[in-house]
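S.K.: Okay, here's what each chain looks like letter by letter:
There are 4 protein chains.
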Amino acid sequence: MAKSKFEYVRDFEADDTCLPNCWIVVRLDGRNFHRFSEQHEFKKPNDDRALHLMTKCAQTVMEELEDIAIAYGQSDEYSFVFKKKSRWFKRRASKFMTHVVSQFASSYVFYWKDYFKDQQLLYPPGFDARIVLYPSNQNLKDYLSWRQADCHINNLYNTVFWMLVQRSGLTPVQAQDRLQGTLAGDKNEILFSEFNINYNNEPLMYRKGTVLVWQKVNEVTTKKIKLPKEAEEKEVEVTRTRTKVVPLHCDIIGDQFWEEYPEILAEDS
Amino acid sequence: MAKSKFEYVRDFEADDTCLPNCWIVVRLDGRNFHRFSEQHEFKKPNDDRALHLMTKCAQTVMEELEDIAIAYGQSDEYSFVFKKKSRWFKRRASKFMTHVVSQFASSYVFYWKDYFKDQQLLYPPGFDARIVLYPSNQNLKDYLSWRQADCHINNLYNTVFWMLVQRSGLTPVQAQDRLQGTLAGDKNEILFSEFNINYNNEPLMYRKGTVLVWQKVNEVTTKKIKLPKEAEEKEVEVTRTRTKVVPLHCDIIGDQFWEEYPEILAEDS
Amino acid sequence: MAKSKFEYVRDFEADDTCLPNCWIVVRLDGRNFHRFSEQHEFKKPNDDRALHLMTKCAQTVMEELEDIAIAYGQSDEYSFVFKKKSRWFKRRASKFMTHVVSQFASSYVFYWKDYFKDQQLLYPPGFDARIVLYPSNQNLKDYLSWRQADCHINNLYNTVFWMLVQRSGLTPVQAQDRLQGTLAGDKNEILFSEFNINYNNEPLMYRKGTVLVWQKVNEVTTKKIKLPKEAEEKEVEVTRTRTKVVPLHCDIIGDQFWEEYPEILAEDS
Amino acid sequence: MAKSKFEYVRDFEADDTCLPNCWIVVRLDGRNFHRFSEQHEFKKPNDDRALHLMTKCAQTVMEELEDIAIAYGQSDEYSFVFKKKSRWFKRRASKFMTHVVSQFASSYVFYWKDYFKDQQLLYPPGFDARIVLYPSNQNLKDYLSWRQADCHINNLYNTVFWMLVQRSGLTPVQAQDRLQGTLAGDKNEILFSEFNINYNNEPLMYRKGTVLVWQKVNEVTTKKIKLPKEAEEKEVEVTRTRTKVVPLHCDIIGDQFWEEYPEILAEDS
Numbered sequence: 001m002a003k004s005k006f007e008y009v010r011d012f013e014a015d016d017t018c019l020p021n022c023w024i025v026v027r028l029d030g031r032n033f034h035r036f037s038e039q040h041e042f043k044k045p046n047d048d049r050a051l052h053l054m055t056k057c058a059q060t061v062m063e064e065l066e067d068i069a070i071a072y073g074q075s076d077e078y079s080f081v082f083k084k085k086s087r088w089f090k091r092r093a094s095k096f097m098t099h100v101v102s103q104f105a106s107s108y109v110f111y112w113k114d115y116f117k118d119q120q121l122l123y124p125p126g127f128d129a130r131i132v133l134y135p136s137n138q139n140l141k142d143y144l145s146w147r148q149a150d151c152h153i154n155n156l157y158n159t160v161f162w163m164l165v166q167r168s169g170l171t172p173v174q175a176q177d178r179l180q181g182t183l184a185g186d187k188n189e190i191l192f193s194e195f196n197i198n199y200n201n202e203p204l205m206y207r208k209g210t211v212l213v214w215q216k217v218n219e220v221t222t223k224k225i226k227l228p229k230e231a232e233e234k235e236v237e238v239t240r241t242r243t244k245v246v247p248l249h250c251d252i253i254g255d256q257f258w259e260e261y262p263e264i265l266a267e268d269s
Numbered sequence: 001m002a003k004s005k006f007e008y009v010r011d012f013e014a015d016d017t018c019l020p021n022c023w024i025v026v027r028l029d030g031r032n033f034h035r036f037s038e039q040h041e042f043k044k045p046n047d048d049r050a051l052h053l054m055t056k057c058a059q060t061v062m063e064e065l066e067d068i069a070i071a072y073g074q075s076d077e078y079s080f081v082f083k084k085k086s087r088w089f090k091r092r093a094s095k096f097m098t099h100v101v102s103q104f105a106s107s108y109v110f111y112w113k114d115y116f117k118d119q120q121l122l123y124p125p126g127f128d129a130r131i132v133l134y135p136s137n138q139n140l141k142d143y144l145s146w147r148q149a150d151c152h153i154n155n156l157y158n159t160v161f162w163m164l165v166q167r168s169g170l171t172p173v174q175a176q177d178r179l180q181g182t183l184a185g186d187k188n189e190i191l192f193s194e195f196n197i198n199y200n201n202e203p204l205m206y207r208k209g210t211v212l213v214w215q216k217v218n219e220v221t222t223k224k225i226k227l228p229k230e231a232e233e234k235e236v237e238v239t240r241t242r243t244k245v246v247p248l249h250c251d252i253i254g255d256q257f258w259e260e261y262p263e264i265l266a267e268d269s
Numbered sequence: 001m002a003k004s005k006f007e008y009v010r011d012f013e014a015d016d017t018c019l020p021n022c023w024i025v026v027r028l029d030g031r032n033f034h035r036f037s038e039q040h041e042f043k044k045p046n047d048d049r050a051l052h053l054m055t056k057c058a059q060t061v062m063e064e065l066e067d068i069a070i071a072y073g074q075s076d077e078y079s080f081v082f083k084k085k086s087r088w089f090k091r092r093a094s095k096f097m098t099h100v101v102s103q104f105a106s107s108y109v110f111y112w113k114d115y116f117k118d119q120q121l122l123y124p125p126g127f128d129a130r131i132v133l134y135p136s137n138q139n140l141k142d143y144l145s146w147r148q149a150d151c152h153i154n155n156l157y158n159t160v161f162w163m164l165v166q167r168s169g170l171t172p173v174q175a176q177d178r179l180q181g182t183l184a185g186d187k188n189e190i191l192f193s194e195f196n197i198n199y200n201n202e203p204l205m206y207r208k209g210t211v212l213v214w215q216k217v218n219e220v221t222t223k224k225i226k227l228p229k230e231a232e233e234k235e236v237e238v239t240r241t242r243t244k245v246v247p248l249h250c251d252i253i254g255d256q257f258w259e260e261y262p263e264i265l266a267e268d269s
Numbered sequence: 001m002a003k004s005k006f007e008y009v010r011d012f013e014a015d016d017t018c019l020p021n022c023w024i025v026v027r028l029d030g031r032n033f034h035r036f037s038e039q040h041e042f043k044k045p046n047d048d049r050a051l052h053l054m055t056k057c058a059q060t061v062m063e064e065l066e067d068i069a070i071a072y073g074q075s076d077e078y079s080f081v082f083k084k085k086s087r088w089f090k091r092r093a094s095k096f097m098t099h100v101v102s103q104f105a106s107s108y109v110f111y112w113k114d115y116f117k118d119q120q121l122l123y124p125p126g127f128d129a130r131i132v133l134y135p136s137n138q139n140l141k142d143y144l145s146w147r148q149a150d151c152h153i154n155n156l157y158n159t160v161f162w163m164l165v166q167r168s169g170l171t172p173v174q175a176q177d178r179l180q181g182t183l184a185g186d187k188n189e190i191l192f193s194e195f196n197i198n199y200n201n202e203p204l205m206y207r208k209g210t211v212l213v214w215q216k217v218n219e220v221t222t223k224k225i226k227l228p229k230e231a232e233e234k235e236v237e238v239t240r241t242r243t244k245v246v247p248l249h250c251d252i253i254g255d256q257f258w259e260e261y262p263e264i265l266a267e268d269s
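Taken in order, these protein sequences are the chains called A, B, C and D.
Just so you know, the first sequence maps onto residues 1 to 269 in full-length UniProt numbering.
Just so you know, the second sequence maps onto residues 1 to 269 in full-length UniProt numbering.
Just so you know, the third sequence maps onto residues 1 to 269 in full-length UniProt numbering.
Just so you know, the fourth sequence maps onto residues 1 to 269 in full-length UniProt numbering.
So that you can see chain A by itself, here it is in the shape it has in the complex:
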């Protein structure tokens, strides 16, 4: 059979092993989600259905794939952090990227109707992903801080922008001009004085994004058992400790989060 004659082409595959002992971050972004959000009538500046769907997909990724220690998401992006010591797929970068992004994409369509109900999905959405290595814990924390700071900046801007458009009747261009050059303080002031909104009271999910961590949770189930010496079945409560992916909407820039969840950065994690 001619197989052997062609098989030399396998030698053209390059090795893309990730450097050992580094955190492996895969960050995923929606493709053309500006257009996608308009066509699917996302509420502006934040659509709870869309944000919850993103988080559902990210949870699926964490549960289906291996060695993800923490994930962080905001808007149409999600970052997945694989453990430093992970040996999953021999640390091949292409495996990490494509498994994350394909699981996320198929989940997005699969779970769409659970969140968007009657709002039909018009076409299958695309995502891209990249991979970045971080050698130290501080580098990793700074990466996540960078994304959360980005969330804050964008959400503050979008909150004011859409108020100006939706409530003050400005065109998008006018709103953009109005915000040109303003600092965070200015934007807070506009929100407060013109729209009576205290930005700090906006929902945490909008301001902080979503952190996914593994947590031990106690699940109580009832079970029927029959003891040897008794004639009848008996109902007992069984408490089982399971590790589940749990969403949080908290600050991860300061130290408090990392002190509460020391296992995330633990060397032997």
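Keep in mind that the hints are not guaranteed to be accurate.
Straight-line alpha carbon distances no greater than 27 angstroms define the calculated DSS-like cross-link-like pairs of lysine-lysine that follow [to be verified]:
1) Lys56/D with Lys229/D
2) Lys5/C with Lys90/A
3) Lys90/B with Lys95/A
4) Lys208/C with Lys43/C
5) Lys5/D with Lys208/C
One side only, chain B facing chain C, incomplete, derived with CB under 8 angstroms [claimed, not checked]:
6) Thr17
7) Leu19
8) Asn21
9) Cys22
10) Leu133
11) Pro135
12) Ser136
If you anchor each label on the Cβ, the simulated ranges turn out as follows [to be verified]:
13) Asp15/A with Glu260/B: 54 to 64 angstroms
14) Asn137/D with Glu7/A: 41 to 51 angstroms
15) Glu7/D with Asp47/C: 23 to 33 angstroms
16) Thr182/A with Asp15/B: 27 to 37 angstroms
FYI, nobody ran anything at the bench for these hints, they're computed from the structure.
Note that beta-carbon positions come from the ideal geometry of N, C-alpha and C, so glycine has one too.
Given chain A, work out where chains B, C and D should sit, using these hints.
M.R.: Only chains B, C and D this time, still in chain A's reference frame:
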């Protein structure tokens, strides 16, 4: 704002530009599709619904992304060939891989019901992908030949194997033992003498897989027009030439295919 | 022994295999050769001793290492082209780069006195090198053309510049100002009208650089032999064909060179 | 000028930036030094001239290049450790490798006669180098421990081997057979009982290799000065503190060395 303090983490992103003037192949595989096909009751050895769904997804990928010259699929895998001269996303490997795999994965769920009807999709499937560069046209042809030779070998084996199981009542282990060490000729003989099957009459899609190429097609539509001097509208036929992705089930190992489609390998394509 | 405990560090070595079926070019440059040439009183604009030493080192590299098909040098740089099919050191990029640059550097000191005679070498010079892959023959020819075009541009500039300094007594800054914005034609004109120099009569080595190719040469040696039937030894001339590295100073941008040396680009070379 | 037409070939150069915040180790090895050492009559098992020349070259590398924090050498190899935070040549791997190996190679020839006196250098030697990244301090210490453990194993073996050959008159093959399967204890015992050698009294340089570190040293020089009010010149001693590369032959596997030289691993080094 603290943004700048963290932004140094962007410098950790590595450049993954593909070498210019090489064919870029992205090959995608289903994750755990053995289990997936059992849970979704795929017909063995070939399930037309599954194969047509794969091809529908691959067509979507070719139409949504840019610069794909040809694609080839069989079983739960598909290879996409980007043009040598493609400058899409600055030839960044991660972009090619993740856009292909995410578009494919979301399409798989999106179009599932069009092919599987009442058969419910139980969970969102995963895929992985890798990227390989081929410097010469001969290398690329050999790559595609390798995949088609693989299709032939696997399909011949699977055809006999499932006959032995489904018709002769052998257990999978018994069928495997029976085929141990047999050559192609032996398998053809078993098919013919025991099951009266001439392998060469099996459907081309099973034996050759699916090739996706761009083809000019003429679309005839009727249109109502009103000429200035006439009072009434008039129906006219309008013929429009469009370029569409068309599936073929032909040999791509020999020269004939490449002579029929010279534009695929054309330098300036 | 503690060896095994530490040996995990070997896993941190990354694979740097070059893509098969591509030309591998290693280009080497002198480190701080501006300063080096002043301290060793190189003749300006071209020092024959320095150019011949560079070529001697490059010949040594070609003879000591494997699979180098052609080399091209000018000024303080040299490019070495390894055959497309080379399997030397499993095509590991670091091996190619470091073997070339170290053999060149040690040869530079070793052969220095053969070219520079009484001019003492003051300190051991440094070099750097980079590696580039070229998939097609055209790409490779264009690479070499790029270097030869660069040689021409620099040499024309330097020839005029040093004439202005050495003969017209301009300071370097004045000479630079004078040449600011001039085209090739202008420079030729200055050379001709002010210094009576026809640039095209300048030595080819300066204008074209040096090409190193393998050539069959006949070496005639005399040997004493004693024929069985004769009493005395007899002197005979023996002609042996050897393949040697030969320097040329010719154009490699046009087709003629490649037609004369078809074996360089031959597929099975 | 045709330059622009060819310049596209520069786009084929791949980016080889080293991941930030990692130790960059360049390890260099002699090429065919088995043959080289025989042809230059190196004393076996250790030739002081050769070892001191290696160290002289390594010192030159450390002084000429930038950001090398520590180096370690044994036999015909040397490892150079660049600081985690180094931004030298934008952390391009090829620059690190080729500058190290070329400076080392040219120094080897340049300083040869200072160590080998009448022993002529017969031909220019070659070296190769590789580059490895280590994310954590522990990884780096383990790397250096690996090399020092390797030095110990090889030197113990070579010491016994050459005793058996030189003193007991065994052939190399007989000596090899004799040592087959022996443990460290066995080799120590042979040395002691047959040759009255206590391995622990062998020179540290042979057993531990050579560590190069930066050290502040006080240099006292005498200088003639003439004070304004005095008629005669006067000799004064001037003490100047300089940072120099100093060779040590000590254990670097245990903690003591790292406690004595904390600045090597210091974050801001």
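S.K.: None of the hints should be skipped; say for each whether it holds.
M.R.: A quick look at each hint next to the structure:
1. Lys56/D with Lys229/D: Measuring from Cα to Cα gives roughly 46 angstroms; hence the hint is violated.
2. Lys5/C with Lys90/A: Satisfied, since the Cα-Cα distance of roughly 20 angstroms is no more than 27 angstroms.
3. Lys90/B with Lys95/A: holds, 21 angstroms
4. Lys208/C with Lys43/C: Status holds; Cα separation ~18 angstroms.
5. Lys5/D with Lys208/C: It holds: about 18 angstroms lies between the C-alpha atoms, which stays within 27 angstroms.
6. Thr17: Thr17/B check fails; min Cβ-Cβ to chain C is 12 angstroms, beyond 8 angstroms.
7. Leu19: holds, 6 angstroms
8. Asn21: Holds: closest Cβ of chain C sits about 5 angstroms from Asn21/B, inside 8 angstroms.
9. Cys22: holds, 5 angstroms
10. Leu133: holds, 6 angstroms
11. Pro135: Since the shortest Cβ distance to chain C is 4 angstroms, the answer is holds.
12. Ser136: holds, 6 angstroms
13. Asp15/A with Glu260/B: 54 to 64 angstroms: Taking Cβ atoms as reference, Asp15/A and Glu260/B lie about 37 angstroms apart, which means the hint is violated.
14. Asn137/D with Glu7/A: 41 to 51 angstroms: holds, 44 angstroms
15. Glu7/D with Asp47/C: 23 to 33 angstroms: holds, 28 angstroms
16. Thr182/A with Asp15/B: 27 to 37 angstroms: Holds - the Cβ-Cβ distance for Thr182/A and Asp15/B, about 35 angstroms, lies within 27 to 37 angstroms.
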